[in-house]
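Peer 1: Chains as they are written, first to last, in our numbering: chain G, 54 to 172; chain F, 1454 to 1627.
There may be inaccurate statements among the hints.
With a Cα cut of at most 25 angstroms, we get these calculated DSS-like pairs of lysine-lysine [said to hold, decoys possible]: (1) LYS1613(F) <-> LYS1521(F); (2) LYS1521(F) <-> LYS160(G); (3) LYS1549(F) <-> LYS1606(F); (4) LYS1509(F) <-> LYS158(G); (5) LYS1509(F) <-> LYS1549(F); (6) LYS158(G) <-> LYS1605(F); (7) LYS1509(F) <-> LYS1612(F); (8) LYS1521(F) <-> LYS158(G); (9) LYS1606(F) <-> LYS160(G); (10) LYS158(G) <-> LYS1613(F); (11) LYS160(G) <-> LYS1556(F); (12) LYS160(G) <-> LYS1509(F).
Listed next, the stretches of chain F that the computed footprint assigns to chain G, with coverage defined by at least 3 CB atoms under 8 angstroms from CB atoms of chain G [what the hints assert, rightly or not]: (13) 1489 to 1501; (14) 1505 to 1516; (15) 1533 to 1545; (16) 1610 to 1621.
Chain G is nowhere near these chain F residues, computed Cβ spacing over 12 angstroms in every case [stated by the list, open to error]: (17) LEU1520; (18) THR1563; (19) ALA1571; (20) LEU1576; (21) PRO1578.
These are calculated hints, taken from the structure and not from any lab test.
We treat Cβ as the ideally placed atom computed from N, Cα and C, and that holds for glycine.
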Amino acid sequence: MLWWELVIYIFVAIGLTFNGLGVIGLLRFPDVYTRLHAATKATTFGSIFTSLAVIGWAFAQLISTGNSWNLTLALHTFFAIICLLLTNPVGAHAIARAAHRSGVKPKQAVVDRLEEVKE
Amino acid sequence: MLPFIITTIDALIIYLLLTAGSGDFLYFWSPEEFVMGIFLSIIVGALARNYLCHSKNYRMLNPVRWLKFVVYAIGPFLFAMAKANLDVAYRVITGKIRPGIVKIDPKLNTDFGVTFLANSITLTPGTLSVDVDEDTNVLYVHWINIPEGEEKKEYADIKKVCGSFADWARRVAE
């Protein structure tokens, strides 16, 4: 096995581990806010690593075969990572804000400063 | 005119990024893609110039800010994100949580700065931005594990919530 194949396998393993932890967190945590923690952080990080594995594979193919289609694949995946980093926190923020506005209380919360300012 | 040029160049860069590898012109592109990219970028620039340059403030054109952004993204941000994921992993497995919504006052003045900080907060250890007060730029943050005593203060300690991110947001965006 070549060293870059090993790197790709490690990236896929890290990505799947964190995505899996995100799923477990989604099932285990008590309310919508804590679940969003698991659903946004873990899946963003996991998806970045699986995408990095795709980029690594594409570059390895580009070097070994010289087919320029692989460059397109690598750049598209890189662009997907940037979009993921921009849209994932915005989506989580929108869900959390909508949940709080429609009256979902955080469970087991020790403090809720937002509730105090809301009329 | 300046908003039109900025939007056109941005659209062209994204178009060329998505079509790289289509031919041999300038190593990466086919001539057809190049011409089509310029044509479409001009249309996009004409239509969308008032959305991208909404505030009429061109401070983000300064390359020093981009350099700081890249340093931030590779250094403190990536490190904090890795730490955030180990932290979430730990809480998923043990179930030790002490959640609550706290208030922080980052003392930022611009929309872009607050957006930047709120996104960074969401992707990093134990915190998730829930709401923002648009008049005072105070952020309401859901914190998964509040340290003892921190819930009694009116404004939570900004260093404990997001480390040096507020300083970085000020450096990059303001």
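Peer 1: So, for every hint listed, does it hold in this structure?
Peer 2: Hint by hint, here is what the structure shows:
For the hint pairing LYS1613(F) with LYS1521(F), the CA-to-CA distance comes to about 23 angstroms; that is within 25 angstroms, so the pair holds. Our distance criterion of 25 angstroms between C-alpha atoms is broken by LYS1521(F) and LYS160(G), whose separation comes to about 39 angstroms. Between LYS1549(F) and LYS1606(F) the CA atoms are separated by roughly 22 angstroms; this keeps the pair inside 25 angstroms, and the hint holds. The suggested pairing of LYS1509(F) with LYS158(G) is violated, with an alpha-carbon distance near 39 angstroms, which exceeds 25 angstroms.
The hinted pair formed by LYS1509(F) and LYS1549(F) fails the criterion: a straight-line CA distance of about 47 angstroms is larger than 25 angstroms. For the hint linking LYS158(G) to LYS1605(F), the alpha-carbon distance of about 19 angstroms falls within 25 angstroms, and the restraint holds. This hinted pair does not check out: LYS1509(F) and LYS1612(F) have alpha carbons roughly 32 angstroms apart, beyond 25 angstroms. Of the pairs offered as hints, the one joining LYS1521(F) and LYS158(G) is violated, with about 39 angstroms between alpha carbons and a cut-off of 25 angstroms exceeded.
For the suggested pair LYS1606(F) and LYS160(G), the alpha carbons sit about 20 angstroms apart, so the restraint of at most 25 angstroms is met. For the hint pairing LYS158(G) with LYS1613(F), the CA-to-CA distance comes to about 24 angstroms; that is within 25 angstroms, so the pair holds. At most 25 angstroms may separate the alpha-carbon atoms for a hinted pair to count; LYS160(G) and LYS1556(F) meet this at roughly 18 angstroms. A threshold of 25 angstroms between alpha carbons decides the hint, and for LYS160(G) with LYS1509(F) the separation of about 43 angstroms lies outside it, so the pair is violated.
Only residues whose beta carbon comes within less than 8 angstroms of a beta carbon in chain G count, and the region 1489 to 1501 of chain F has 0; fewer than three means the coverage is violated. With a threshold of 8 angstroms between beta carbons, the proposed coverage of the region 1505 to 1516 of chain F by chain G is violated, since 0 of its residues qualify and at least three are required. For the region 1533 to 1545 of chain F, the proposed coverage by chain G is satisfied: 8 residues have a C-beta within less than 8 angstroms of a C-beta in that chain, meeting the threshold of three. For the region 1610 to 1621 of chain F, the stated coverage by chain G is not satisfied: 0 residues place a CB nearer than 8 angstroms to a CB of that chain, which falls below the threshold of 3.
The Cβ of LEU1520(F) sits about 17 angstroms from the closest Cβ of chain G, beyond the 12 angstroms cut-off, so the non-interface label holds. Even its closest Cβ contact with chain G, about 17 angstroms, leaves THR1563(F) beyond 12 angstroms, as expected for a residue assigned away from the interface. The Cβ of ALA1571(F) sits about 6 angstroms from the closest Cβ of chain G, inside the 12 angstroms cut-off, so the non-interface label is violated. Residue-level check failed: LEU1576(F) sits 5 angstroms from the nearest beta carbon of chain G, not beyond 12 angstroms.
Chain G draws PRO1578(F) into its interface by the beta-carbon criterion, the shortest separation being 9 angstroms against a cut-off of 12 angstroms.
Comparing the model with each numbered hint stated earlier shows that hints 2, 4, 5, 7, 8, 12, 13, 14, 16, 19, 20, 21 do not hold.
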